[in-house]
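> For the record, the sequence lines run as chains S and F.
Offset between the first sequence (1-based) and the numbering used here: plus 1.
Offset between the second sequence (1-based) and the numbering used here: plus 1.
Just so you know, not all the hints are guaranteed correct.
Claimed, not checked - What the simulated footprint calls covered on chain F by chain S, stretch by stretch (three residues with Cβ under 8 Å from a Cβ of chain S suffice, anywhere in the stretch; the number is not a length):
(1) 6 to 15
(2) 87 to 94
(3) 180 to 194
Hints were generated in silico from the structure; no laboratory data involved.
Keep in mind that this is a model prediction, so the values were computed, not measured.
Note that the Cβ used here is the ideal one computed from N, Cα and C, for glycine as well.
Spelled out, the chains give:
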Amino acid sequence: MTTQEVILHPASVVAELKKNNISHVVWLPDSETNFMFQLLTNEPSLSLVPVCREGETMAVSAGLWVGGKRPIVLIQNTGIFESGDSIRGLGLDINQPLVMLVGYRGWSRHGLTKDSAARFIEHILHAWGISYYLIETDEDADRISLAIEEAERTSKPVAVLVGTEFGS
Amino acid sequence: MIDNIDAVKLLDSKRGNAVFVATMNANNVHFGLPTITSNEKLDFPISGAMSKASNVALGLALAQPDRKIFCLDGDGSLLMNLGSMVTISNTAPKNLIHVLFNNKVYAVTGGQPIPGAEKSDWEGMAKSAGYANVFSFDNLEDLTNGIDEAMAAVGPVFIHLVVKPEIENTPVQFRTPAKRNVHTAIADLPETLGVKR
Ligand SMILES: Cc1ncc(C[n+]2csc(CCOP(=O)(O)OP(=O)(O)O)c2C)c(N)n1
Ligand SMILES: [Mg+2]
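Extracted from the complex, chain S is given alone in its bound form:
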């Protein structure tokens, strides 16, 4: 555990995924989402698809989506940087209504961070015209539903930045 007080529980996120009938979580782990992993593996309604690099997630999701499933992506902000051409070619260009849950490494509520993964991420999303929501507490978790609704309504990828490490 970090010294940070636990204010976002993975159960709140998983409840959102279940409420929205998400079928697959295509993911590559990060410390922000570690506790999530244990819960996800125990959740029978969700299939986990682990990949070797994040750029694969949007492509696997595209196949799942065309095949009739409801995938979501779970990666770190570093993974967004890794995935540029997939987000462009298999997210934005094909109008995939994909929600990407993104661990916001380096996020500080004070806006001061030494971590370039945090400093650049929102700029990159702005550049692509990808809208995003920030979640930090259990009370914020319902923004995942908003993101899913927006992705489907606009036929575009939408990001949810997870600003807290999950607690157990």
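Assemble chain F with the ligands onto chain S, guided by the hints.
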């Protein structure tokens, strides 16, 4: 070496109701899938993101477990996304057949050599990545004789084909565009697959 079009023709003749996720020379408008396809509605060309066709095919295979899903991939493409081979073997869809068109060049961009084409070993890589079944063919006769066994094997199957390089030197903007592309496929494939949204 196998002619690109002969390989695609043979695979197509055995496809049944399989989806073909095809990219690069396997999907060339003059000597690839679009010229010979027997079931265009089940063709899913991927041009938007080099190297990701195998991942799209994996997603489709997971979503449609009762249907065979083929990925017709390029060697430069797969080399850009080698981890995908392990992603596939780890997820292990029984209905996925990954066919590699190994022409040892980046044909689409003018035929530049692929790094390590003479040193690396695709059959070996597929085996050690953990595909359930791996086949390799370097001539049409062997491919013709062996294709039924390869297609009947439990997936994920990897089929390595040594293919003649056919190089396009026409600048991209002057090339004949394919009638069916990633957008047309995404628009009608779900309905063809019986997907309800
Ligand atoms: C990320 C990225 N890098 C480079 C390119 C340029 N490019 C397009 S096709 C191609 C060659 C593909 O080679 P291969 O997969 O072997 O297929 P072939 O043309 O030989 O059938 C390259 C390098 C690209 N489209 N995207
Ligand atoms: Mg090639």
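> If a hint holds in the structure, say so; if it does not, say that too.
A quick look at each hint next to the structure:
no.	hint	result
1	6 to 15	violated (count 0)
2	87 to 94	holds (count 4)
3	180 to 194	holds (count 7)
In the structure shown, a violation is registered for the earlier hint numbered 1 alone.
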